[in-house]
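A.B. asks: Line by line, the protein sequences give chains A and B.
At position 167 of the first sequence the residue is numbered 167 (the numbering used here), and the sequence of numbers has no breaks.
In the numbering used here, each number is its position in the second sequence, counted from 1, plus 1000.
All the given hints hold, so there is nothing to weed out.
Not everything, but these chain A residues come out facing chain B in the computed CB check (under 8 Å):
id, residue
1, 65
2, 67
3, 68
4, 87
5, 88
6, 91
7, 94
8, 95
9, 100
10, 102
11, 106
12, 108
13, 119
14, 120
15, 123
The hints are simulated quantities; they were obtained by calculation from the structure and are not laboratory data.
The model shown is predicted, which means the values in this text are computed figures rather than measured ones.
Where a beta carbon is used, it is the ideal one built from N, C-alpha and C, also for glycine.
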Amino acid sequence: MSKSSANSNNNGHLVKISGLTLTYNNGEEDIPVLRNVDMNVAPGEMVAVMGPSGSGKSSLLYILGLLLSPTQGSYYLGQENALKLDRASQSAFRRTRLGFVFQSCDLIDNSTVYENLEFPLIYAGVERHERPERIRRALDKVNLAHRIYHRTNRLSGGEQQRVAVARALVNQPRLILADEPTGHLDRANSQMIMDYFGEIVSGGQTAIIIVTHDSEVAARCHRIYSLMDGVLQT
Amino acid sequence: MGRDFKTNLNNDLDLIGGVTVVKAYFDNQPEFLPQWFRPATVEALEQIKGVVRVSSVGNRGLKIMRHNKPHYIQMLAVDEAFWEVRSFWAIKGTLFGKEAIQGRKLVCVLGETAAQKIFGTLDVVGQTLEIDLDVYRVVAVLGGITVSAVNNAIFIPVTTAQDRLAGNLLVDLVYVRCETWDDVGYVASRIPKAVRTHQSADRLQVDVAWEGLKRVRRVVWWSEFFIYIALAATLILGGIGIWNVMMAAVRSRTREIGLKKAMGAEDKDILAQFLTESLTVSLSAAVLGIILGRAIIELMGLLIGQRPQEDLFFLCMILGILFGVILGVGAGLYPSLQASRMEVVSATRYE
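Looking at chain A on its own, in the form it has when it is part of the complex:
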């Protein structure tokens, strides 16, 4: 992974993006999705990004997850200029620094809870004998250790989403990116997921950025950003 020159203006922020712009070309004209977005997130912070559909929330999250490249701008995660990484380094970055929680759980079909949590460890090169302990620890945090060898399609929606959270945690990432993590959950399960997120950030090492429509979820975060027509506002 290439190291950028030290960013002296990080001011202890874990995430620092500035001047981020994303434009799509539909063949006839450039359509702006994100316009000059600036955002700072400190370790231990939980940040919500709200906005109507099509406002560019998910695109912002994908850029933060290095799944999408912006048209211009800069993105530092810690001291690392994440946008300067090549394809292989981006993958390494994702498996060591980032954790994803998607709206629709997105667990791997026909697999057990254990297998779902094992994949990130395999890609991170964690030794086989270390994996069970790390998986159990991650599941303990979401109170699902007793379901470790269950097939994921036998779990309830709330349990599946908790498995997805545990999977995002298993490699102890610095930044968790959650796209509508409670979108398909009832109130009780949503509450539970947010409680887990609260516990995670309380350690002061990890930051969470949540894209949500739900104002109750946003209210549990330390800061709320609003994204409207590609412009981010606090």
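Dock chain B against the given chain A, drawing on the hints supplied.
C.D. replies: Relative to the frame of chain A, chain B by itself:
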């Protein structure tokens, strides 16, 4: 087609005429000095490339006495190589071999017709015959004969015949067995030259069953043609099948691919995953084919009493696995590359 296969097939095709046996003989006419094959000449014939074995034969008509009743019959004085060269076997008893030749034993083998004619039965092993005042013991009745003249003959060790029979017995006929039908033309063309290195080749005749050889070659050509067509069809259909299966797998698991990439899987991880799956499909098919092939060999072995050599089976097994690897990688490469190059965002949004 492999040489081993041709050799085996050649042995089997002897049942329809022994087209790979070349017959060389001296056309001895009363007005010329008789010619016969010297031992050094026979050795020279054995040295010709493509020759498996040579058998020297002398023949003449014979009067056999049984219960004071004479039988006039063709006698072949043969060496121990004769049975193998002509692909003859015993239907009763045991054919005489090197020991009888070297020991000049008074033994004989009867063709089926000859046994029936003289004894009225085929159960003649152990019976005796009187030839030129000597008593010969019958040791076998011959099978595997497609020439009726030979079926009505008696076979005696060549050394015994030269020692014991009245008159001069000339070994003026040799049978030369070639390794495959591809060698027949070359061997036939080299025989006169090999003979001339040790003796005169005057009145030497070389007979090849050209018509039979042509038929065999035609059968083999068609067999090879169908084998190659089957190979090509397997390659194409198997390849298309695996390609289809893998394309469908990639399509149905697009979200999974996106997810794994989001977890940090590199392109090479996804490529390796799908190539492994493709190889698993093709190698499983190869192993299944090997098991099925083995089962058919065992079954045919029981039914016809013949089976290919073990090393030929192992060679086919290795080729089958190699073929499976080539097919798996060849057909799975494009779908695997597609999977590995998939963009994460579009993959995770795929419905």
